Amino acid sequence: MGSKTPLYDKHIEAGARIVDFGGWDMPLHYGSQKQEHHAVRNNAGVFDVSHMTIVDLRGERVREFLRHLLANDVAKLRQAGEALYTCMLNAAGGVIDDLIVYFFGELRYRLIVNAATRDKDLAWIERCAESYGVEINERAELAMIAVQGPRARELAASGIGSEWREQALALKSFTGMEAGELFVARTGYTGEDGWEIVMPAASAAAIWDRLLAAGVEPCGLGARDTLRLEAAMNLYGSDMDESVSPLEAGLGWTVAWDPEDRNFNGRAALEQIRKNPGRRRFVGLLLEDRGVLRSHQRVVIDGADDGEITSGGYSPTMGRSIALARVAAGNCSRAKVDVRGKMLEVRIVKTPFVRNGQVRIEL
Amino acid sequence: MSELPGDLIYTSEHEWLRREDDGSVTIGITDHAQTALGDLVYVEMPETGQTLERGGDMAVVESVKAASDVLAPIAASVVAVNEELADDPEKMNVDPYGAGWIVRLRPSDGVDETEFLTPDAYQSLIDAADG
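First to last, the protein sequences are chains A and B. For the first sequence, counting from 1, position 328 maps to 328 in this note's numbering; every step adds exactly one. For the second sequence, counting from 1, position 11 maps to 11 in this note's numbering; every step adds exactly one.
None of these hints come from the bench; they were simulated from the model. Quick caveat: nothing in here was measured; it's all calculated off a predicted structure. For glycine and all other residues, C-beta sits at the position ideal for the given N, C-alpha and C. Treat the hints loosely; a few may be bogus.
Just some of the chain B residues that point at chain A, by a computed CB distance under 8 Å [said to hold, decoys possible]:
(1) Gly38
(2) Asp39
(3) Val41
(4) Tyr42
(5) Glu44
(6) Glu62
(7) Val64
(8) Lys65
(9) Ala67
Turn these sequences into a full structure, and let the hints steer you where they fit.
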């Protein structure tokens with residue numbers, strides 16, 4: 001038996017198939033993963049993401065600390081509620097975790113990190129924070145849901161207190177706000193519009209019920225994975241880990257190189273990797289044959305070292321198989337993948353595959 | 001609760017077999033299996049005429065989650081494969097004992113019923129697994 005989120009009973013009530021995910025009993029799907037996937041692309045779905053770890057940081061030197069801890073630069077955050085996606089690196093430039101950091105005020109920030117990496121993340125943050133006098137407060141008492149899809153905000157708005165509703169609907173992408181006991185942010189992990197809502201555990205079931213009554217479909221981790229794969233959003237532990245730099249995981253855009261004197265963890269190692277023209281590239285693959293690409297399958301490009309699929313699967317939106325892969329440097333646009341002994345043809349494509357309900361690659 | 005047709009025999013690998021009047025055997029996966037696998041998106045079929053060893057590779061069914069081998073429950077040659085699954089693999093989810101059949105085999109040595117599970121025995125097996 002794993003840990004249970006405050007919404008566990010709601011999942012059972014909705015007929016969820018429960019699986020272990022990083023020590024948590026989480027819903028995989030509620031009947032059909034494909035149907036849940038389409039609900040998010042075409043209408044609205046809700047995910048329980050309460051297993052994710054919320055860490056509040058406070059202190060006089062918290063900004064200085066985060067500018068050292070994170071590869072992206074929190075100095076970009078100026079208005080309360082603004083958010084930034086970033087990697088947290090080790091000294092070798094490897095990714096300890098990817099996370100979202102929210103700016104609440106000069107002395108107050110929030111990090112939302114992955115569930116499976118909770119223990120090592122907290123240990124690392126505490127170790128790095130020692131000399132900064134930063135107060136670290138894990139908020140395990142909070143629940144969190146993601147409401148995603150073209151109609152997600154419209155259908156979820158009734159769950160926000162009327163005095164904050166208009167302001168919440170006006171939130172720009174990657175910003176959030178406090179709305180009474182809720183924290184609402186226009187973020188997500190599906191490639192669709194929507195909100196992520198943090199709330200006290202005691203309020204979670206009532207908000208969940210209200211969303212389902214409004215026509216939002218409950219969605220499990222299965223659909224979350226196919227949606228994020230189509231959107232080419234990285235999954236920690238699959239697409240990157242401590243042995244890989246963000247530059248070889250398609251996350252170069254999250255590294256803030258300027259100002260040059262900001263000495264964040266991993267910077268020196270990353271500068272070396274950046275200078276190496278032979279570093280591996282992170283690409284999207286579209287399977288041209290029938291079949292399904294899966295993680296760890298070998299990617300073969302003529303005249304180059306073999307690469308590897310880091311995330312692969314079936315795309316319900318395209319009805320084709322797609323993957324993210326790390327391959328040798330170069331500009332080749334075709335490759336083969338070893339699918340259980342058969343060499344299948346794939347095209348190397350520019351990601352994302354799907355964004356805001358639209359297929360973004362040529363099929 | 002899976003519905004379990006009484007006229008089929010079953011394997012502990014969650015396959016079903018139907019003995020046809022012409023001596024061939026039709027094979028598919030059970031309702032319990034398709035539920036556990038989730039939405040099916042692809043099936044890799046053997047060639048018609050191919051000879052299969054008992055317990056050897058026969059087909060691969062792929063769901064949104066993972067790929068699963070479907071092994072040959074008897075020594076046989078392949079008489080027919082369900083071509084409709086190429087465009088509509090979800091037939092295995094929707095109608096696992098009917099339109100979702102996978103292959104039809106010609107047994108090399110007949111079918112020894114005692115080596116398979118009756119509907120009751122298979123039901124006990126999945127009840128035990130569901131605990």
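Evaluated hints:
1. Restraint check, Gly38 (chain B) versus chain A: the minimum CB separation of about 6 Å is within 8 Å; hint holds.
2. Proximity of Asp39 (chain B) to chain A holds as hinted, the smallest CB-CB distance being about 5 Å (cut-off 8 Å).
3. With a cut of 8 Å, the hint placing Val41 (chain B) at the interface with chain A holds, because the nearest CB-to-CB distance is about 4 Å.
4. Using the Cβ-Cβ criterion of 8 Å, the hint placing Tyr42 (chain B) at the interface with chain A is satisfied: the shortest such distance is roughly 5 Å.
5. Hint on Glu44 (chain B) holds. Least Cβ distance to chain A is approximately 7 Å, under the 8 Å limit.
6. For Glu62 (chain B), the shortest C-beta to C-beta distance to chain A is roughly 4 Å, which falls under 8 Å, so the interface hint holds.
7. With its C-beta approaching chain A no nearer than about 5 Å, Val64 (chain B) sits inside the 8 Å limit, and its interface hint holds.
8. The restraint placing Lys65 (chain B) at the interface with chain A holds, with a minimum CB-CB distance near 7 Å, inside the 8 Å limit.
9. The beta carbon of Ala67 (chain B) is positioned within 8 Å of a beta carbon in chain A (closest approach about 7 Å), and the interface hint is therefore held.
Violation of the numbered hints given earlier is absent; every hint is satisfied by the structure.
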